[in-house]
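Engineer: First to last, the protein sequences are chains A and B. The first sequence begins at 1 in the numbering used here and counts up by one. The second sequence begins at 1 in the numbering used here and counts up by one.
Keep in mind that the hints were calculated from the coordinates and are not lab data. Take these hints with a grain of salt, some might be off.
Straight-line Cα separation of at most 27 Å, DSS-like style, residue types lysine-lysine; simulated pairs [said to hold, decoys possible]: (1) B:Lys303 <-> A:Lys299; (2) B:Lys345 <-> A:Lys54; (3) A:Lys345 <-> B:Lys54.
Counterexamples of contact, computed for chain A against chain B with all Cβ distances above 12 Å [what the hints assert, rightly or not]: (4) Gly17; (5) Ser235; (6) Lys247.
Bear in mind that the values here come from a model prediction, so they are computed numbers and not experimental data. Each residue gets a CB set at the ideal place from its N, CA and C atoms; glycine is no exception.
Residues per chain, in single letters:
2 protein chains.
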Amino acid sequence: MNKNKSNEVESTNNLDGIKLSTIFSGIKKPFKNKDDLLLIQLDEGSAIAGVFTKSLTASAPVIHSKNNLISSEKPSVRAIIVNSGNANAFTGHLGEKTVDIVTDFLSNKINCNPHEVFMASTGVIGEVLNPELIINGLKGMNSNHETNWLKAADTIRTTDTFSKISSRKCLIDDVEVDIIGIAKGSGMIAPNMATMLGFIFTNANISSDILQQLLQKANEKSFNSITVDSDTSTSDTVLFASTRKAKHHQIKNVSEKRLNNFKENLNSLMLDLAKLIVKDGEGASKFITINISGASSKKAAQKIGFSIANSPLVKTAIAGEDANWGRIIMAIGKSGERADRDKIKIYIGDELVTNNGMKAENYSEIIATKHLQEKEIIISADVGVGKSRATVYTCDLTHEYISINADYRS
Amino acid sequence: MNKNKSNEVESTNNLDGIKLSTIFSGIKKPFKNKDDLLLIQLDEGSAIAGVFTKSLTASAPVIHSKNNLISSEKPSVRAIIVNSGNANAFTGHLGEKTVDIVTDFLSNKINCNPHEVFMASTGVIGEVLNPELIINGLKGMNSNHETNWLKAADTIRTTDTFSKISSRKCLIDDVEVDIIGIAKGSGMIAPNMATMLGFIFTNANISSDILQQLLQKANEKSFNSITVDSDTSTSDTVLFASTRKAKHHQIKNVSEKRLNNFKENLNSLMLDLAKLIVKDGEGASKFITINISGASSKKAAQKIGFSIANSPLVKTAIAGEDANWGRIIMAIGKSGERADRDKIKIYIGDELVTNNGMKAENYSEIIATKHLQEKEIIISADVGVGKSRATVYTCDLTHEYISINADYRS
């Protein structure tokens, strides 16, 4: 796949009230010669929201950041520490201790409440993360901050083959507002080294409760609509913070029409980042969009979409450019959601494959196969029982995925 | 993997009251030079039970056989027709018509109720199955039946690399009773060509309602406890029939102690067949047993087991003989079932890997890796919240799986 860096963002693009610093702290293996610790500092008054992995074996930093959000009615943020190389997951009480030591140190240093310091870690599971490495790293950071978002995105990479960054300019009232986001993840696919992390920032004057609602909604259609191999990390974290410095009137309600342009831009920025993660899926050679319609509910549509997207048989057929549509029928059938066999319409690209409970009369396998030879594949299915829709994104399953994951640590 | 044929059964082993016939009918491609149609005839008075795929896009033969069972209070059977080469799935009303024509023809020929004729088909999805091929096949079958179970098992193969057959002799009261079973499937993994089918026969004098209860219970611990790649076929069918010719007193109740020896033997025979299917999993190089204990319920234990068994990351790590236990933690976490992080005990073989919410103090990666270099892998996990257990079986995920499934039809 064309792994082009989507650097729509000038790497030194600034967002007033946010300072970025990176350093090599020694958590990663030194030969990688790349920073592994990112500190994001925000001015006083910054609001924050977050969504996290649903894993029941969530990492210590996830538990800490979640607690920050629920322990305050109006969550605020002064710092986010992100390290790559060690996930601090399944490290027992030692894992929690590391988070406490680091966040206490930093809240003392910058003189804020410990609940205003968030943390996210990605890397190996089950290895103790030494807090001293992080503290020494924080001490050694250059106080002459250059706000280099590309360097920040680069620092949080693990198996990612490129940095993931996206930005938007939009309007609230007549005031120009910025949104910048960085992410990491080669899919949610290698929790020992490839958690999905996302950090999104804006200067919009929006309170934390409205940020939270905006984030959850945008998250459903972006990071929660992608899959590489169905595996879920212990560390997935998306934080969304606002400096509130933009000069428009404050937003009082999430449904105000003044927010429409901002919402559109936030949604498309997060979808951008999510798609970049899929494109960087381990071993991926094709990007696959799966559109489900005619489902009995939104949730059913998404479940059917993921049943197709996660099917190894569908993913290998697409890797082999084989219009083996029986596997799509199988995946719809195994989802457990309602579908009317005799009304299911499957399309590969624009080619109608099935109709009236069987192969469509004019179906051309040649046309379908031609579409599968492209790099961006679209599979659509109307399951014929309702009006609900969902779109999910995935990649194909190739020999390279096996090579990366069977041989990874050796 | 050592794909040895488990021919504990003499291929001409007989079960009084059952006649087998096979023929090449032309449904399969002729160059395969192998029979593709099996007819099993049973004497009057034979009882039958069945379990089927839960797919909502089930094939026409599945729908027909299910209807047979529910349309009679005491289901009986005179014939089972099985073809390989075409699944007759997603073939709309034409699929149902084919089943009707074939079962009507046969019920007329052998003078029985159409509800006593069962059918199962496996092969390509979405291609119309021509009933004339089957009828001509049935007409051409040799009336001089030799009861060759091995040949029967061979006829129903598709991508299977060996025939699957198992038998038991057991006691009810003091009377010797036979059980014979055949199966096909290289996992539930390639619904276009590798549905899971199983046919089990006994001479025990057991009525259909008790057969049904015995089958469902044994099925939970055998065919419902295996996975190759999480994909479910449109055609999975297991039928269990009894000639009732054995001379013990009739069984009145499924909980009679007189049935204990029979139950044990039925369970172990079905587990045998299920394991043979996993061992024949496409591209499989290792057979993996996953034991879950300490779960909050039986269902939770099975869900956690399948979450591990279906994780591409776990399966590729095992293929790579890499003791990457973080992936097992991830899979437990993503199952959505309760687990106490600080009480989870994971074992690779006999080696304790985790304890107290982190890597066990004396854990030796060398010992764990040594176990992973074997052909039969055992992963155990106590999740520390209850007393329920489950065992599931799977195989690893290798380059060969990708080759078989990405390149299959080409």
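Engineer: The structure should be examined with respect to each hint, and the outcome stated for every one.
Structural biologist: Going through the hints against the structure:
1. A hinted pair counts as satisfied when its Cα atoms are at most 27 Å apart, and Lys303 (chain B) with Lys299 (chain A) qualifies at roughly 20 Å.
2. About 21 Å separates the Cα atoms of Lys345 (chain B) and Lys54 (chain A), which keeps this hinted pair within 27 Å; it holds.
3. With a C-alpha separation of about 21 Å, the suggested pairing of Lys345 (chain A) with Lys54 (chain B) holds against the 27 Å cut-off.
4. Under the 12 Å C-beta cut-off, the non-interface status given to Gly17 (chain A) relative to chain B holds; the minimum distance is some 36 Å.
5. The claim that Ser235 (chain A) is not at the interface with chain B is violated, since a C-beta of that chain comes within 12 Å of its own (minimum 10 Å).
6. Distance to chain B confirms Lys247 (chain A) as a non-interface residue, since its nearest Cβ pair spans about 44 Å, more than 12 Å.
In terms of the numbered hints stated before, the structure departs from hint 5 and from no other.
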